Every structure is written in C-alpha cells, then in structure tokens.
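Input sequences plus hints: build the corresponding full structure.
Okay, here's what each chain looks like letter by letter:
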Amino acid sequence: MITGLLLAAFAGAMVALQTIFNNRTDVHMGSWATTTWVLGMGFIASLACSLIFEGKRTFELGGMEPWFWFSGLIGVGVVICLVLGVKILGPTFSVSVTLTAQLGFALLFDSFGWLGLEKMPFDWKQLAGVAVIMAGIYVFKFGGKKKTETPQPASSAVGETL
Amino acid sequence: MIKGILFAFLGGACITLQGVANARISESIGTWQAATLTQLTGFIMAFAIYLFVKDGGDLRGFTKVKPLYLAGGAFGSVIIFGEVTAIHTVGVTFAIAALLIAQLCVTFLIDTFGWFGTVKNKMGAPQFIGLAMMIGGVLLMKL
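Protein chains in written order, with the working numbering: chain A, 1 to 162; chain B, 1 to 143.
Calculated from the structure, these hints are not laboratory results. Incorrect hints may appear among the rest.
Stated by the list, open to error - The list that follows gives simulated cross-link-like pairs (lysine to any residue, SDA-like), each with its CA atoms no further than 25 Å apart:
id, chain 1, residue 1, chain 2, residue 2
1, B, 122, A, 139
2, B, 142, A, 87
3, A, 87, B, 9
4, B, 122, A, 128
5, B, 142, B, 55
6, A, 141, B, 106
As the list claims (entries may be wrong) - What the simulated footprint calls covered on chain B by chain A, stretch by stretch (three residues with Cβ under 8 Å from a Cβ of chain A suffice, anywhere in the stretch; the number is not a length):
id, segment
7, 4-18
8, 47-54
9, 58-72
10, 85-93
11, 102-108
12, 121-131
The model shown is predicted, which means the values in this text are computed figures rather than measured ones. Virtual Cβ for every residue (Gly too), placed ideally from N, Cα, C.
Here's what the structure looks like:
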C-alpha cells in the first residue's frame, strides 16, 4: 500500500521535473522535435533498464496481443490534445480540465475494470475523495496567484504523456 | 472554447488510458518491456509526424540545449515503471491521485524557488489550501 503510493508520488515528481526540462528543450527544438527526442530517450532508458533487470527476457514477447503495438499512439494523441487545449484555453484552465479528466477516468477504470484490470469496488467515499481533490485542483490553479502566465510551449504536454 | 475543453478533457482521458494500457501490457510481457515498447512505438509515430508537419521544429537544435534538460526524456522509463507498479498495487484512482499531488507539489517547489531558471513565483494561501484539499481527498478515500 505505502510502497504503491510512494512509487506513484515518485513518478509524479519526475513528471514535474520532466515537464520543466521539456519546456527548456522546446525553446530550441520546437514541439514535435522535442516529443520525438523525449520518447526516443525514454525508449533507450527503458530498454537499458529492461536489459539490466530482465536480461534475455526483454525479447520474450510471447504474450503480445496485436493492440500492444499501437499503445504508443495514445501518447501522441495526448500531445496533440494537450497542445490544442492549451492553445485555445491557456495553461491554467486547460491543465485543470485535463487533471479533472485524468482523475475522473481513473475512477471509471477502477469501477468498471476496463481493459481487464482488476475491478475495484466502487464506493461513495472514493467519489467524494475524487471530488474534493478536483476542487483542490481548481483552488490551486485559480487561487489568486500573482503570476504572469508564461505561455506554455507545446511540448510541456509531453511530460504528461504517460 | 468548448473545443478547447474537449481537447483538454480528451487529453486527460488519454493520459489515464495510457497508464492503464501500460499496466495491462506489463501483465503480459513485463513492466520494463511495456515501457520500452510503448515509447518505441510512440517515438516512431512522433518522428513520422515531425518529418511530415511543417512547423515540427528542428531536431538539430539539440546542440543548444543543456545536457541535463536533454536527459529529461529518460525519466519516462522510471515514470512508467512507478505508475504501472502503483496501479497494480493500489488501483488506478489512488495511483493517479498520488501522482498528481506529488507532481503539483514539486511544480510548486520549483516555482517558489525559481529552480531550473523558472521565473520565481510567490505562491499564496490558495495554493496551500488547494494542496491540503487534494491530500485531504486522498485520505477521505481511504477512511
């Protein structure tokens, strides 16, 4: 339980860092070059980890189902959607909507066990908790920050491509 | 406006979908393998788009970027590993909630101290209250 939450928190911290780094990269390379670069680096790092921890099993892809080959496309869809969202709405509103959708769909996936995940019993505490978190997101994002909004380059979305 | 909301919403849905898809794929072929596969296919697709769109940027610009920032992409491996393992142990809702809170906390820290050359931003009471509410929401789910 604690391990799971800590791992998720660690991932979140890395996403935050990556988002900043991608912004810096975007300035010099532009959006799709950055996306390409970031996914390429991620691929190399993952392959290295896989070889270190799994050895030869890295290439034993016996349980592959055809759709596995296309899952990476979801990430590309994410980039396109986030870039357009930010362009139309500005970062604050757009990111708030995105975070809300992320949490809402997380609850749906748990409750319905979509994609063959283990179904988690839905209960009202879960929904109430998610509602409070969403409200917190809006307070955080819209609460009178004296901030001149820096235009977010397209690839800031990439950090959240996961 | 509605279109923007739709894109932002769809983007969020896809982020969660991707986490869940990775979790499912990892059950069949292993977590590091899943991370390798999704990023390889995503890379190929992004590279194809880069080649075909006019304003896709320029990969050769990497010489002007600090190596630290260029290495950021490698985080993708541990991000996917952490997220997938979390989804398997605590479920999607908890995993995503914890991930988002940590993400906002770290962004908050970076902005407050102006790390990595970000413009220093004074965060006010609303940001603290917002974070407290988010953490409260996670505790509420576990009551």
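Unmet hints by their number, sorted upward, for this structure: Of the numbered hints given earlier, those the structure breaks are 2, 4, 5, listed in rising order.
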